[in-house]
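K.L.:
The primary structure of each chain is shown beneath.
There are 2 protein chains.
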Amino acid sequence: MVEYLQLKLCRLKLILSKENILAFEKSFRTNFVNSLPGFKSASLIGTTSSEGRTNLTIFSSVIHIGANPPLMGFLMRPVTVERHTYSNIKETNCFTINHINQNIFKLAHQTSARYKKNTSEFDACGFTPEYSETIKAPYVKESKIKIGLKFLEEQEIKSNRTIFIVGEIQEIILPDKVVLADGLIDLETAETIAISNLDSYHKTNKIARLSYAKPGIEPNEI
Amino acid sequence: MVEYLQLKLCRLKLILSKENILAFEKSFRTNFVNSLPGFKSASLIGTTSSEGRTNLTIFSSVIHIGANPPLMGFLMRPVTVERHTYSNIKETNCFTINHINQNIFKLAHQTSARYKKNTSEFDACGFTPEYSETIKAPYVKESKIKIGLKFLEEQEIKSNRTIFIVGEIQEIILPDKVVLADGLIDLETAETIAISNLDSYHKTNKIARLSYAKPGIEPNEI
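In order, the protein sequences belong to chains A and B. Numbered by numbering that gives the first Met the number 0, the letters in the first sequence go through residues 0 to 221 in order. Numbered by numbering that gives the first Met the number 0, the letters in the second sequence go through residues 0 to 221 in order.
Note: identical chains are not told apart, hence a pair may lie in one copy or across any two.
Think about it this way: if two alpha-carbon atoms lie no more than 20 Å apart in a straight line, the pair counts; the simulated SDA-like pairs of lysine to any residue are:
(1) K205 - E187
(2) K140 - T127
(3) K213 - D198
(4) K205 - E190
(5) K213 - T84
(6) K205 - N100
(7) K116 - E50
(8) K140 - R52
(9) K12 - T133
(10) K17 - Q169
If you're looking for bench data, these hints aren't it; they were derived computationally from the structure.
Produce the complete structure using the sequences and hints provided.
P.N.:
Written as structure tokens, this is what we have:
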């Protein structure tokens, strides 16, 4: 009985070492480690080659870099194999970030399949390219929040040769109704979704928005 | 009537330029640009100075870097002013990432207040430091998914002097029941939440998990 209780207690909490993780079967490890950052942004990144071949790929690593100048960035896997997003950005110096919403997440997931360079994921996955005069790269018509960026810099992460790409926002296209009076974008009205791991899609429900935090003062819901 | 209709049509979609964004009032611009990446991970990063002064700060920029070796990273604001998280990581070569759940998001938000260096956010905000033998940095007892990392490298983003920090996972502490048979961590069972902007907290509902994408084959729900 004591042994059984100890077994149960010990099963409540897992403590895993780096060695445990490295000993996992590969797909188990990929799922596990990709889940560790929590919920991630869900974006389609649109690019074009200098000859006008469009490319569209799902990314879950887009983050905020700064508001002035307005910068965003994302992480790319090593370019030890051909990466069309990377070569297109280097050729044309621009890319678009397009939010994934509830209506398009299945098509968006399909862009992660390994298509050949002469196949556009726009055609293969059922998206419509949309162009503005500001950015050469294609936007995704079916996305509701679209951001056009100029490539600014890349930083190689030496530890595993992934590449962090930084762009400056040149243009934003979004529904008027999702921008609140103080600048916040209401992502739930825009039906933007979140990703966990590389394959799990989630909608959200706001718990609360909190006031600016100051020492000694409990934040209010705003 | 025609004019009214045109006005309505034009209000449906906003097209904003970089100049429009730069002309926004500062707090409007901050809210707006911080909303643009979509939903973000919600983490508390725990550190300690070489003298044992603990620090805890909320971050929404934690991303996956690689599964083998297991790496995670996050972006820090420029160190032009004193950043305790940064100086502690450089002093002790380690940090912890702790998921924010529904029960602790208000306390977690409070860690963004500007406390003095000799005030620990653990004490000031009501968190309990928890230690393991593997990592010198403190975990957050009230968090359910906790990751201990060794500092590996930093890359300065030249465009605005923010710093991308990369760590190697040394240890993970999490409830046994949230790890599914194929390695996926069920973040909803762990009650991990997501952030938009810097102040809006969201719980999630899974829409679907999709099979590995292959060209020409529609993904299934798994």
